[in-house]
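Going left to right, the sequence shown walks through residues 3 to 60 as the working numbering numbers them.
Any given hint could be a false lead.
What the hints assert, rightly or not - Derived SDA-like pairs: lysine to any residue, alpha-carbon spacing no greater than 20 angstroms straight-line:
#, residue 1, residue 2
1, Lys26, Gly37
2, Lys7, Glu19
3, Lys8, Glu19
4, Lys7, Thr21
5, Lys26, Phe10
Unchecked claim - So the derived label-pair ranges between C-beta atoms look like this:
#, residue 1, residue 2, range
6, Phe10, Val35, 28 to 38 angstroms
7, Ile6, Val35, 49 to 59 angstroms
8, Leu57, Tyr15, 35 to 45 angstroms
9, Val14, Ile53, 28 to 38 angstroms
10, Gly48, Thr24, 48 to 58 angstroms
11, Val44, Glu12, 55 to 65 angstroms
12, Phe9, Leu57, 52 to 62 angstroms
13, Val39, Lys18, 31 to 41 angstroms
14, Leu60, Phe36, 46 to 56 angstroms
15, Val44, Met3, 51 to 61 angstroms
16, Val14, Phe42, 56 to 66 angstroms
17, Thr20, Phe46, 42 to 52 angstroms
Read the hints as simulated data drawn from the structure, not as lab findings.
The structure presented is a predicted model; accordingly, all values stated were derived computationally and were not measured.
Ideal placement from N, C-alpha and C gives every residue a C-beta, glycine not left out.
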Amino acid sequence: MNKIKKFFGEVVYELKETTWPTAKEMRKNTLTVFGVVAFFAVFFFGVDSFITFLLNLL
Numbered sequence: 003m004n005k006i007k008k009f010f011g012e013v014v015y016e017l018k019e020t021t022w023p024t025a026k027e028m029r030k031n032t033l034t035v036f037g038v039v040a041f042f043a044v045f046f047f048g049v050d051s052f053i054t055f056l057l058n059l060l
């Protein structure tokens, strides 16, 4: 039981030491992730379409 109490005490300590991102940083990071995902979706759609086009020529 003492180990469990120590564990949760350490968890609380670490959570207090954590630097959480601000709302502005979260918005920026979220938009960056969406932008990268959109870029790769368009990129792989283009590559897939090109490969399909080439295979249809055969």
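request  = Would you check the hint for Lys7 and Thr21, treating anything up to 20 angstroms between C-alpha atoms as holding?
outcome  = violated, 24 angstroms
Pairwise hint evaluation, Glu19 against Lys7, where the allowed Cα distance is 20 angstroms at most = The given pair, whose Cα atoms are some 19 angstroms apart, holds under the 20 angstroms limit.
query = Per the hint of 28 to 38 angstroms, is the separation of the Cβ atoms of Val14 and Ile53 within bounds?
reply = Violated, since Val14 and Ile53 (Cβ atoms, about 53 angstroms apart) do not stay within the stated range.
query = Is the hinted range of 51 to 61 angstroms satisfied by the C-beta distance from Val44 to Met3?
reply = Taking Cβ atoms as reference, Val44 and Met3 lie about 56 angstroms apart, which means the hint holds.
query = Quick one: are Ile6 and Val35 within 49 to 59 angstroms, going by C-beta?
reply = The hint (49 to 59 angstroms, Cβ to Cβ) is violated, given that Ile6 and Val35 are roughly 36 angstroms apart.
request  = With respect to the beta-carbon atoms only, verify the hint that Phe9 and Leu57 lie 52 to 62 angstroms apart.
outcome  = Given about 57 angstroms between the Cβ atoms, the range holds.
ask   = So the hint says 55 to 65 angstroms: do the beta-carbon atoms of Val44 and Glu12 match that?
value = Hint violated: Cβ distance 45 angstroms, outside 55 to 65 angstroms.
query = Is the distance from the Cβ of Phe10 to the Cβ of Val35 consistent with 28 to 38 angstroms?
reply = Once the Cβ atoms are compared, 32 angstroms apart, the range 28 to 38 angstroms for Val35 and Phe10 holds.
ask   = Does 46 to 56 angstroms hold as the CB distance between Leu60 and Phe36, or does it fail?
value = Roughly 37 angstroms apart at Cβ, these two residues miss the hinted range, so it is violated.
query = Regarding Leu57 and Tyr15, is the given constraint of 35 to 45 angstroms on their beta-carbon distance met?
reply = violated, 59 angstroms
query = Regarding the pair Lys26 and Gly37, is the alpha-carbon distance no greater than 20 angstroms?
reply = holds, 16 angstroms
task = Starting from the range 48 to 58 angstroms, see whether the pair Gly48 and Thr24 falls in it by beta-carbon distance.
result = Since the Cβ atoms of Gly48 and Thr24 sit about 36 angstroms apart, the hinted range of 48 to 58 angstroms is violated.
Violation of the numbered hints given earlier is confined to hints 4, 5, 7, 8, 9, 10, 11, 14, 16 and 17; the remaining hints are satisfied by the structure.
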